[in-house]
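Novice: Each chain is listed here by its residues.
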Amino acid sequence: MDYFLQLFLSGICIGAVYGLGAIGFVIIYKSSGIFNLAHGEMMMVGAFFGVTFANLLGWPMWLAFILALVLAAVTGFVIQFLVIRPLTGQSHFAVLMVTVGLMFIIKGGTLLVWGHETYDFRELLFQVESLEIGEAIIASEYIVGFIVSIVLFVLLWAYFSYTKNGLSMRATADDEELAESMGVRVRRIFGMSWILAGVSSAVGGIIMGMMTTIDYNMGEVGLKVLPVVVFGGLESFLGAIVGGIVVGVTGTLSGGYLDEYLTGFKEITPYILMLLVLLIKPFGLFGEKKIERI
Amino acid sequence: MDPAGVYKSTYEQDMAVVRTFPQWGVLIAAVILLFCSPLLLPNYLLGLMTQMGCVIIAAFGIQILTGYAGQVSVGHAAFFATGAYSGAILMAQLHFPFLLALVSAGFIAGLVGVIAGAPSLRVKGFYLVMGTLAGHYIIHYVILRWRSLTGGSLGYQFPAASFFGLSINTEVRHFYLVMIVLLIATVAAKNIVRTRMGRAFVAVRDNDLAANVMGINVWLVKFQAFFVGCFFAGVGGALWAHWAGSITPGLFPLMNGIWYLGYIIIGGLGSIVGCFFGVITVMGLMEVLSRVLPAVDPSLTGFVAAGTDVFFGLVIVLMLIFEPRGLAHRWEIFKSWYRIWPLAY
Chain A
1 MDYFLQLFLS GICIGAVYGL GAIGFVIIYK SSGIFNLAHG EMMMVGAFFG VTFANLLGWP
61 MWLAFILALV LAAVTGFVIQ FLVIRPLTGQ SHFAVLMVTV GLMFIIKGGT LLVWGHETYD
121 FRELLFQVES LEIGEAIIAS EYIVGFIVSI VLFVLLWAYF SYTKNGLSMR ATADDEELAE
181 SMGVRVRRIF GMSWILAGVS SAVGGIIMGM MTTIDYNMGE VGLKVLPVVV FGGLESFLGA
241 IVGGIVVGVT GTLSGGYLDE YLTGFKEITP YILMLLVLLI KPFGLFGEKK IERI
Chain B
295 MDPAGVYKST YEQDMAVVRT FPQWGVLIAA VILLFCSPLL LPNYLLGLMT QMGCVIIAAF
355 GIQILTGYAG QVSVGHAAFF ATGAYSGAIL MAQLHFPFLL ALVSAGFIAG LVGVIAGAPS
415 LRVKGFYLVM GTLAGHYIIH YVILRWRSLT GGSLGYQFPA ASFFGLSINT EVRHFYLVMI
475 VLLIATVAAK NIVRTRMGRA FVAVRDNDLA ANVMGINVWL VKFQAFFVGC FFAGVGGALW
535 AHWAGSITPG LFPLMNGIWY LGYIIIGGLG SIVGCFFGVI TVMGLMEVLS RVLPAVDPSL
595 TGFVAAGTDV FFGLVIVLML IFEPRGLAHR WEIFKSWYRI WPLAY
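Going down the list, the protein sequences come from chains A and B. Using our numbering, read the first sequence as starting at 1 and increasing by one per residue. Using our numbering, read the second sequence as starting at 295 and increasing by one per residue.
It should be emphasised that the hints constitute simulated quantities derived from the structure, not laboratory data. Hints may be right or wrong, so weigh each one.
Derived coverage of chain B by chain A (criterion: at least 3 residues anywhere in the stretch with Cβ under 8 Å from a Cβ of chain A; other residues may be distant) [said to hold, decoys possible]: (1) 407-420; (2) 555-563; (3) 602-614.
Pulled from the structure, derived: some chain A residues nowhere near chain B, Cβ distances all over 10 Å [what the hints assert, rightly or not]: (4) 29; (5) 92; (6) 102; (7) 112; (8) 153; (9) 159; (10) 212; (11) 279.
Every residue gets a Cβ at the ideal spot worked out from N, C-alpha and C, and that includes glycine.
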């Protein structure tokens, strides 16, 4: 039972961080209808910004965190300005492929700037004691991750539900032309949504970097959050968090119980889960059903 | 646009792929030149061309699946691997003759593709991308962990094929084998997209609801698209594995599957000749960057590894911004220019 509890709790914490990664993904999709495959790489760049300030320059963690977010916001805006804006009106497939191109550029660029070395944050964003529940222990970095994801989730949910900008973003994603004719400044909304995505992916990257190490392959974690996104539905923050926790828990549980029979099975449990969801509820658990007309 | 003086007076002439005598001449000359090239080129270049041939065959598959039928798949590397492994296993364990193993590898990859493409019945667009991504990881897992069948991470040896006592074991013989299959595959792919099925693919791509209303069985068409697309991937994979000799799961990473999309983007979506342009351009440039540059100056090696990613990322982004219809479209423009040159009317 303690073993189960340990697996379950660490699954929840890992899952919350998956959810954090997935949120950045959902922002882009919710506000501009773009499926950003370069999201993992944007997380990685955010983590590298943080590491540069915190480790290489030796500044305090909170300052490094804020500066990294500022740089990530700039990166998000530059991506939108140079790459996404010229493609306005192109097919979704073209925009999807352009994010693949971005993925290559960011990965190669990171390799050029920071090289092959593996980095590690020296301190956490804020200090918390590790928590003991029964026999199970949750390490402090997981608690930090959990708290940050929940805070970010609440902030974003409130932003999209209650502010005018949030409403404009949802309108733009739904129908660009219609939103524009209703007086929404679509270009500015796109810029803002990419800034927001840059910031949130940097938060995810830095938190994830605190749990593991940071190197130029970290972007592949971005592919791991994709099942989470699909599980919860592409437009739902709640879905991202719930999906993250479900995927995290099934991952640790299958790793803990099935590994002796099927080695490495936990690597593909998220994907199997995702396929099942796709077949049963094609738009995810909390996604919006699309009604199509000719 | 045809030059002045070329008239089409029958339906057959209008539908012909190769329309005039000069075109036949150029085509036959090009094929003869291709088959004479082992006399002139070093083994290294022949090996590169052989690899390109295999990848082009697989790229026909993704072109039909994504470019024509509009079903975006990032799992093409896994179907390529399925073909490679099934070809190798059929030949080594069941002692199939090579050609039968090649076709069976295509069939097996096609069937696996149909299963992996099953989510396309319920979802499309981005959700389908995710479905094929899951398909990739699951196929990869099966290949890696089903040790008794595939040899796991140790890999698998592909036995050399032999025809009439002639074993395919040199670079030149591999080259001829792949080029002959490539010719057949080109003719097949070019014609598949002109059949009723191919036109149904395009209709489903452009608007699947409208296609359904017009009486096209969308489910069946999607299955057909996945089967045909993955069949080509399987054949290309088996040929490539035969050339490589031994295969391991690590040779078929997800990035390769994404690269297939890159090939058809750069070559041109919805164009069979675009597959040639895309694969030859990308693989050629990659070879130049990763082999030739470090040979010129060894100190560049580290820079090149990172620079290659940036370079190809830029190529994809710039192609999409400035020439979304790919190199095939440029080729069409060039053709219509030289056909009426020097007397443009």
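Novice: Looking at the structure, which of the earlier hints fail to hold?
Specialist: Violated: hints 4, 5, 6, 7 and 11.
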